[in-house]
Amino acid sequence: MKEKMESKIESKIESEVKLELKSEIELKSEIEKTKINKQKINKREKRKWYTYLWIWSIVYFALGFFNILFAWLGMIDFLIPLVFAIFSGNKNFCNRYCGRGQLFRKLGNDCKCSRGKKAPGWISSKGFRYGFLAFFMTMFGNMIYQTYLVAAGATGLREAIKLFWTIRVPWGWTYTSGMTPDWIAQFSFGLYSLMLTSTLIGLVVMVLYRPRTWCSFCPMGTMTQGICRIKDSR
Amino acid sequence: MKRYASVNPNQCVACGECAYVCPRKAVSIQKGCYAKVDDTLCVGCGLCERCCPAGCITLIDRDGCSTKGGQDTGRGHSSELCQKGIG
Numbered sequence: 001m002k003e004k005m006e007s008k009i010e011s012k013i014e015s016e017v018k019l020e021l022k023s024e025i026e027l028k029s030e031i032e033k034t035k036i037n038k039q040k041i042n043k044r045e046k047r048k049w050y051t052y053l054w055i056w057s058i059v060y061f062a063l064g065f066f067n068i069l070f071a072w073l074g075m076i077d078f079l080i081p082l083v084f085a086i087f088s089g090n091k092n093f094c095n096r097y098c099g100r101g102q103l104f105r106k107l108g109n110d111c112k113c114s115r116g117k118k119a120p121g122w123i124s125s126k127g128f129r130y131g132f133l134a135f136f137m138t139m140f141g142n143m144i145y146q147t148y149l150v151a152a153g154a155t156g157l158r159e160a161i162k163l164f165w166t167i168r169v170p171w172g173w174t175y176t177s178g179m180t181p182d183w184i185a186q187f188s189f190g191l192y193s194l195m196l197t198s199t200l201i202g203l204v205v206m207v208l209y210r211p212r213t214w215c216s217f218c219p220m221g222t223m224t225q226g227i228c229r230i231k232d233s234r
Numbered sequence: 001m002k003r004y005a006s007v008n009p010n011q012c013v014a015c016g017e018c019a020y021v022c023p024r025k026a027v028s029i030q031k032g033c034y035a036k037v038d039d040t041l042c043v044g045c046g047l048c049e050r051c052c053p054a055g056c057i058t059l060i061d062r063d064g065c066s067t068k069g070g071q072d073t074g075r076g077h078s079s080e081l082c083q084k085g086i087g
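So the protein lines, in turn, are chains A and B. In terms of the working numbering, the first sequence opens at residue 1 and continues consecutively. In terms of the working numbering, the second sequence opens at residue 1 and continues consecutively.
Just chain A, with the same shape it has in the complex (with noise of 0.2 Å):
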């Protein structure tokens, strides 16, 4: 009798545990799909089109190395965040349709391009946010000047770019002379020279620290929050 009340119990409880196992495994599977179906709908989330505008940035430094004359199309990433500041009171542009901002990311943290480190304080600081302004401010000034001498006819069309405001590259290749008036050529020559200097110190800082650092100083940034709060005061 103890014998088969022994092996009974044996059997149930070899039941029970087969039961248990049983329902551990399918809790995981569970689990995992769960995990799974969650990181789709992350995926889904992060592929908005403005994700890809990355490529924009791309594209325009491309054609700025065949005909220079496309330089001009960056006068675009120059208005449209004044339109959405002035006229929404938003930084809509930095936080979604910045082909630069969604190039960093891409290569800080999708390509680990980047170090990831915290920026030291005064980068974000409100003196070199507007100090780094004004400067911008000053050579884009610099930069209309310039073309309004070619314009005038005091100098002549300078065929190269500068980057970093000091070092002259020959880029001759990318225009014929003749197929526009100069002033528009030396302008397209000018915000060429503008942007790439303004993207490579994006991009120095992001290897050096987190991928969108450029963004914590940048001047079209500065620029728009200035205007958002004026018209949040008010």
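What the hints contain is simulated information worked out from the structure, not anything from laboratory work. Where hints are given, some of them may not hold.
[As the list claims (entries may be wrong)] So, partial list: chain B residues that the calculated Cβ filter (under 10 Å) puts toward chain A:
hint, residue
1, Gln-11
2, Val-13
3, Gly-16
4, Tyr-34
5, Gly-44
6, Cys-45
7, Gly-46
8, Arg-50
9, Cys-51
10, Cys-56
[As the list claims (entries may be wrong)] Computed list of lysine-lysine pairs in DSSO-like fashion (alpha-carbon distance at most 27 Å, straight line):
hint, chain 1, residue 1, chain 2, residue 2
11, B, Lys-25, A, Lys-48
12, B, Lys-36, A, Lys-118
13, B, Lys-36, A, Lys-117
14, B, Lys-36, A, Lys-28
15, B, Lys-25, A, Lys-117
16, B, Lys-2, A, Lys-106
17, B, Lys-2, B, Lys-36
18, A, Lys-106, A, Lys-118
19, B, Lys-2, A, Lys-231
20, A, Lys-112, B, Lys-25
21, A, Lys-48, B, Lys-36
[Unchecked claim] If the Cβ cut is set under 10 Å, some of the chain B residues that face chain A in the computed set are:
hint, residue
22, Glu-17
23, Ala-19
24, Val-21
25, Cys-42
26, Pro-53
Even glycine gets a Cβ: it sits at the ideal position worked out from N, Cα and C.
Given chain A, work out where chain B should sit, using these hints.
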């Protein structure tokens, strides 16, 4: 879920990086000008704190003590005060 993230709106540059990386979608860009964290959704993973280029995100203990960064956000207290049992 002992911690939650908090943004200093005066330093935020609204780049949207925190909203992009947040796994719970707890971060939104308020008025398109600065980030705001919904502390009921936030799980305190710290991803946003690690990606913020302006360093304006701090992690705060649910009991009110700042655990990282050291920026006083008005809701929490400095970690030193907490350690002393004052905060």
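Each hint tested on the structure:
1. Gln-11: Interface hint status for Gln-11/B: holds (6 Å vs cutoff 10 Å).
2. Val-13: This hint holds: Val-13/B lies near chain A, its Cβ roughly 5 Å from the closest one there, short of 10 Å.
3. Gly-16: holds (3 Å)
4. Tyr-34: holds (9 Å)
5. Gly-44: violated (18 Å)
6. Cys-45: violated (13 Å)
7. Gly-46: violated (13 Å)
8. Arg-50: holds (7 Å)
9. Cys-51: holds (6 Å)
10. Cys-56: Nearest chain A Cβ about 8 Å off; hint holds.
11. Lys-25/B to Lys-48/A: Within the cut-off at roughly 15 Å; holds.
12. Lys-36/B to Lys-118/A: holds (20 Å)
13. Lys-36/B to Lys-117/A: holds (23 Å)
14. Lys-36/B to Lys-28/A: violated (35 Å)
15. Lys-25/B to Lys-117/A: holds (24 Å)
16. Lys-2/B to Lys-106/A: Violated - the C-alpha atoms of Lys-106/A and Lys-2/B are around 31 Å apart, more than 27 Å.
17. Lys-2/B to Lys-36/B: Status holds; Cα separation ~19 Å.
18. Lys-106/A to Lys-118/A: Distance ~18 Å between Lys-106/A and Lys-118/A Cα, so the pair holds.
19. Lys-2/B to Lys-231/A: With Cα atoms ~37 Å apart, Lys-2/B and Lys-231/A exceed 27 Å; violated.
20. Lys-112/A to Lys-25/B: holds (23 Å)
21. Lys-48/A to Lys-36/B: The hint holds at about 21 Å.
22. Glu-17: Glu-17/B check passes; min Cβ-Cβ to chain A is 5 Å, inside 10 Å.
23. Ala-19: holds (7 Å)
24. Val-21: Holds - the Cβ of Val-21/B comes within 10 Å of chain A, reaching about 8 Å at its closest.
25. Cys-42: For Cys-42/B, the interface hint is violated, since the closest Cβ of chain A sits about 16 Å away, which is over 10 Å.
26. Pro-53: holds (4 Å)
Hint check: violations occur at hints 5, 6, 7, 14, 16, 19 and 25; the rest are consistent with the structure.
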